[in-house]
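Undergrad: Sequence:
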Amino acid sequence: MKLTDVRRLTGVNFLMDETGAAAEAEVPDAVKSVVGSLWQQRMRELLDAVGWLDEVVAIRSYPGGITLFVSAPRDALFTATDMIEYVWECLEKELSEEISTNDFSVAVEKFRQEIAEEANPDVLAICKAAEEHGVSFLGDDGTVTLGLGKGSQPWPNDELPSVQSLDWSTIHDIPLAMVTGTNGKSTTVRLAAAIGQEAGLTVGLSSSDWVKVGDDVLDEGDYSGPAGAKLAVRDQRADVAIIEAARGGMMRRGLPIAQADICLITNVAADHLGTYGITDVSSLADAKFLLAEAVKPGGKLILNNDDPEVVNRAGRFSGDITWYGLDFDEGALKAWINAGGHAVFVRDGSMMLARNGDLSAVLPVVDFPPGLNGAAKFNVSNALAAIAIAAAFDLPVPAMTKALASFQSTPEENPGRSNFLEIGGVRLLVDFAHNPHGLLALGEAIKAIPSKRKAFIVGQAGDRSDSDIEETVEVIWGIGPDMFIVKELESKIRGREPGEVPAIIASRLESLGVDQEAMLITDSEMDAVYAALEWAEDGDFLVLLLHGNRKQALSLINNLKNANWQAGDVVPRLPSFA
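1 is the number of the first residue of the sequence shown in the numbering used here; add one for each residue after it.
Treat the hints as calculated values from the structure; they're not laboratory data. Note that the coordinates shown come from a computational prediction; the quantities given were computed from them, not determined experimentally. Watch out, some of these pointers could steer you wrong.
Simulated pairs of lysine-lysine, DSS-like, Cα-Cα distance not exceeding 27 Å [to be verified]: (1) 32 x 2; (2) 377 x 452; (3) 454 x 551; (4) 2 x 93; (5) 402 x 150.
Estimated spans, in silico, between C-beta atoms of each pair [as the list claims (entries may be wrong)]: (6) 51 x 308: 46 to 54 Å; (7) 155 x 26: 37 to 45 Å; (8) 63 x 96: 18 to 26 Å.
Beta carbons: idealized from backbone N, C-alpha and C, even for Gly.
Hey, can you work out the whole structure from these sequences and the hints?
TA: If you want it as structure tokens, here you go:
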């Protein structure tokens with residue numbers, strides 16, 4: 001048995017509508033019932049002893065482990081994590097019949113002192129007042145903010161005003177959309193933000209590449225979690241906010257903002273299984289549907305009609321739903337629209353919007369550049385989702401039309417998402433696709449693009465299981481590359497030995513019948529990019545699936561283009577351009 005993770009939960013979370021702390025422990029299935037019951041019981045005893053009589057303990061069991069959740073005051077979450085670790089240490093000794101050196105009464109006094117030292121009654125008072133006035137409260141990171149965007153006001157934790165001194169007429173929320181799902185989140189957020197900007201709004205957005213307010217990039221990096229969301233919605237220039245809410249951030253800290261006017265779930269597919277006790281697609285879907293609980297009264301939940309896991313859970317939500325998708329049953333769709341329901345769909349080659357009884361043609365699919373004349377169905381689906389967000393914001397159709405028609409999936413506008421480039425007679429696709437669901441969708445578009453030969457860079461992070469890695473290989477093999485360039489994803493080895501993941505990939509390719517001549521093994525992602533360019537001939541198509549060195553690879557491609565590189569020329573390493 002082993003405690004594998006302990007964390008603070010600063011918002012509404014997968015286990016409970018409370019702040020608190022959670023932990024995962026590896027526990028054999030044969031003893032899980034007893035261990036779980038004991039862990040919960042011992043935790044209850046400690047909570048009562050420190051005076052937390054109203055706090056609750058919950059257990060969630062999954063194959064090979066247990067998650068324990070403890071609710072706790074917002075200003076005592078660090079102490080709550082310490083208490084979980086203490087109880088687990090005592091439990092390990094109890095189960096091994098080892099004599100414990102931990103004096104319970106001493107520990108109780110220690111935790112009471114920690115609670116007192118961590119306490120910040122002013123934070124709790126302002127949080128309660130924000131709830132009473134119906135505005136968002138953001139804290140837990142050294143700063144307290146009331147309201148969102150243009151209606152927000154921030155203070156350092158140690159300089160908080162009294163509740164009585166606050167002018168609530170100046171504090172308010174701005175319209176907010178949160179987007180989650182396995183694939184399509186970043187592109188959907190960026191498309192929706194482009195529509196908002198075309199409509200004359202200053203949009204705050206957070207995504208897996210940056211946080212932006214209007215055209216101003218506040219910071220770059222993976223900001224699909226709570227930190228990015230808070231950075232975007234705290235900016236006082238923002239009229240509206242559209243934020244990406246990735247599964248990892250929601251499981252690690254809870255929802256970044258307690259409630260939103262619009263919540264959208266793109267799809268649910270196997271990815272990152274095995275973390276935070278999420279071991280199958282069904283429980284992953286349950287985790288993502290946490291967003292459905294965050295929809296404000298009168299707000300909208302936007303769901304993908306093409307995704308079975310999403311559709312199966314729609315009945316749990318009693319509020320207004322906007323459906324979007326590529327494959328509606330016409331009879332059901334007509335009945336939904338006639339009943340006043342909102343929907344976004346494709347009919348006769350055009351993206352259509354039905355809202356408030358009106359039907360509008362937004363844009364022909366062929367006029368949406370990232371859709372590749374309809375071949376990139378996943379991007380058309382992302383556009384439909386963005387239209388649904390814009391409609392929920394009550395933005396005008398002409399803004400949707402103009403923004404989508406002018407949106408280019410370039411490295412500058414939508415980095416790592418279907419970036420099609422051409423240099424020296426060779427077509428390139430730079431994409432972030434990293435799971436079977438995303439690769440299958442990408443494969444449909446790739447097959448529609450004519451080329452002499454195709455090469456794929458193939459790699460995977462080390463925290464995926466062997467079977468997950470092999471499934472990714474099988475999907476890529478099914479697309480039909482002429483060359484497989486296997487990479488070591490050196491920045492994401494994550495517990496594996498160097499060379500271990502490439503060996504799994506190569507072994508599966510061999511079992512699928514791929515000859516050694518059609519396979520190159522490289523030591524890094526950039527080495528794989530160099531190998532692909534060196535292999536390429538005029539008329540070839542290179543699919544560069546990049547997850548760690550995208551900026552460096554794009555810099556190389558740009559330098560080659562400026563140097564008028566042609567297929568067959570030497571590919572100089574980046575240092576030669578310095």
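Undergrad: Could you work out which of the previously given hints the structure breaks and list their numbers from low to high?
TA: none
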